[in-house]
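*Asks:* Each chain, letter by letter, is given below.
2 protein chains.
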Amino acid sequence: MEVIQSPQEMQTWSLTRRQAGYKIGLVPTMGFLHEGHLSLVRKAKDYCDRIVVSIFVNPIQFGEGEDFDRYPRDLSRDLDLLQKEGVDAVFAPTVAGMYPERTRTFVETEGLDHKLCGRSRPGHFRGVTTVVSKLFNICLPQVAVFGQKDAQQVMIIEKMVRDLNFPVQIIRGDIVREPDGLAMSSRNVYLSPEDRKKATILYRSLLMARDMIREGERNPQAVRNAMIEMINQANGAEIDYVEIYNGFDLSDIEEIKGQVLLALAVRFGSTRLIDNLLLEV
Amino acid sequence: MEVIQSPQEMQTWSLTRRQAGYKIGLVPTMGFLHEGHLSLVRKAKDYCDRIVVSIFVNPIQFGEGEDFDRYPRDLSRDLDLLQKEGVDAVFAPTVAGMYPERTRTFVETEGLDHKLCGRSRPGHFRGVTTVVSKLFNICLPQVAVFGQKDAQQVMIIEKMVRDLNFPVQIIRGDIVREPDGLAMSSRNVYLSPEDRKKATILYRSLLMARDMIREGERNPQAVRNAMIEMINQANGAEIDYVEIYNGFDLSDIEEIKGQVLLALAVRFGSTRLIDNLLLEV
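Chain order of the listed sequences is A and B. The numbering of the first sequence is our numbering, which starts it at 1 and goes up by one. The numbering of the second sequence is our numbering, which starts it at 1001 and goes up by one.
There's no promise every hint is true.
Claimed, not checked - Away from chain B, derived, C-beta distances all over 12 Å, residues of chain A:
1) K43
2) K45
3) E66
4) D67
5) D113
6) R214
7) E215
8) L279
Unchecked claim - Among the chain B residues that face chain A by a calculated CB cut under 8 Å, a handful are:
9) Q1169
10) I1171
11) R1172
12) G1173
13) S1186
Simulated from the structure, these hints should not be mistaken for laboratory data. Glycine included, each C-beta is placed from N, C-alpha and C at the ideal position.
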């Protein structure tokens, strides 16, 4: 497994592999890897001959006062995990390597970015689409795998790829959960033991909503209210959003039918967790 | 020479050539080709084995009330000219082919885009950087050639390529001029015979400025004023801008030294012409 820091070397590495006829799969991450990330690596292997994992905590997708500085990092542990998965190259650039001069170019996908996480994190998705464009141009993958946990992110990236004609196929990886249902996240380590227990309410509220819908409820407002009520029973859970949208384009819906995204973001102390469920009704 | 309309076919064409080891050069144009464009094609041949010329009048870089509808077009004449130059493929998509769904993703290079043409054409360069990103992703060139006549455009594209790590080398092609000095432009056909004669004042004002600087003038304001005075002597010439900036980043300068860009845009009737001179002082 090669560990590459320089964007130029990474580009050369990928160009050489492509020239040799290999299909490259990219799994972009911010590191501090867990089973969720590793499942994306395994998924990439189903489609590709050579796997690149990028590890980069991207400053331009964090807002003022967000957790860029304290975002958990452990490169040597990450490298061990990726080595065991049989990854071919890890692209782990520095901030100065990715942004060597004052960057002035931004890629922005409008319309999908002002809802859900975009509302509480202005500029976040512009930072994501910009760095993913850079990673595509540097790692030159034919396939890139993104986790469904960041549902809005993968929808925005799919739209960006279509709009800008990136020659990259986007694959979604399923959410991986702890045994008690909590969606795996690098940020889970921030949780106090009590909040860690309380946080299971997020997935339970999604399952409860799924059951309501299965039993015939079609009013998004009714389902949403039941979820909010349930989450509020967890002492100290502070809801950022609980929303039900069209699962293709995040448009508002008046009736639950077709592909529907149930999505939520909730704070426990200073830790913000997200989760979602994509349903076909 | 192959004429390709579909972005997907174009991508496949380029991927196949790259896989075969060829180096692809792209010359992006809006068609209605003249010697200036053909000189860019010849320049591309100095660097590449396979030449792609794109012909696309890009609606999103034209503002309200600009000349998108009446921009001159003559595809069959363009194809004849390119055939004679030994071009390998012409990518001539339709607007619906390039923007098949409501496009929501834009690439924007800030800071360089609010001066010169960016000031009088808000949104213009966002349209340019977006479509050039698309063309890079579709035609997958290793080299792209842009004319120095659109000096601000090529500077913005060079910055975009650096910021987003596009694996594309940008080459600048010199301005090609008519025997009387007028910079070649597809828009020159709009000019009335009288205005066509008057328009030579643009290049003459640049040469006069160069002479002033050669003779020791270092005050940009003095040079600029002399150019404005000269251009205003041409009856009916309406100045959009006459500016002198740092030739690397378009920053303001108080003294003429180093690389300096003299740039102007002037209207004759409804026809807006641009010209420039890059000087090393």
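*Asks:* All the hints need checking, so say for each whether the structure fits it.
*Replies:* Verification of the supplied hints:
1. K43: holds (23 Å)
2. K45: K45 of chain A is indeed farther than 12 Å from all Cβ atoms of chain B, at 22 Å.
3. E66: Holds, because the least Cβ-Cβ distance between E66 of chain A and chain B comes to about 22 Å, which exceeds 12 Å.
4. D67: holds (25 Å)
5. D113: Given a closest Cβ separation of 9 Å, the condition is violated.
6. R214: Consistent with the label, R214 of chain A stays out of reach of chain B, its closest Cβ about 32 Å off (over 12 Å).
7. E215: holds (36 Å)
8. L279: holds (24 Å)
9. Q1169: violated (12 Å)
10. I1171: It is violated, given that the least Cβ distance between I1171 of chain B and chain A is near 18 Å, above 8 Å.
11. R1172: Not OK, violated: R1172 of chain B not within 8 Å of chain A, min 19 Å.
12. G1173: violated (23 Å)
13. S1186: violated (25 Å)
Violated hints, listed in ascending order, are 5, 9, 10, 11, 12 and 13; each of the other numbered hints is respected by the structure.
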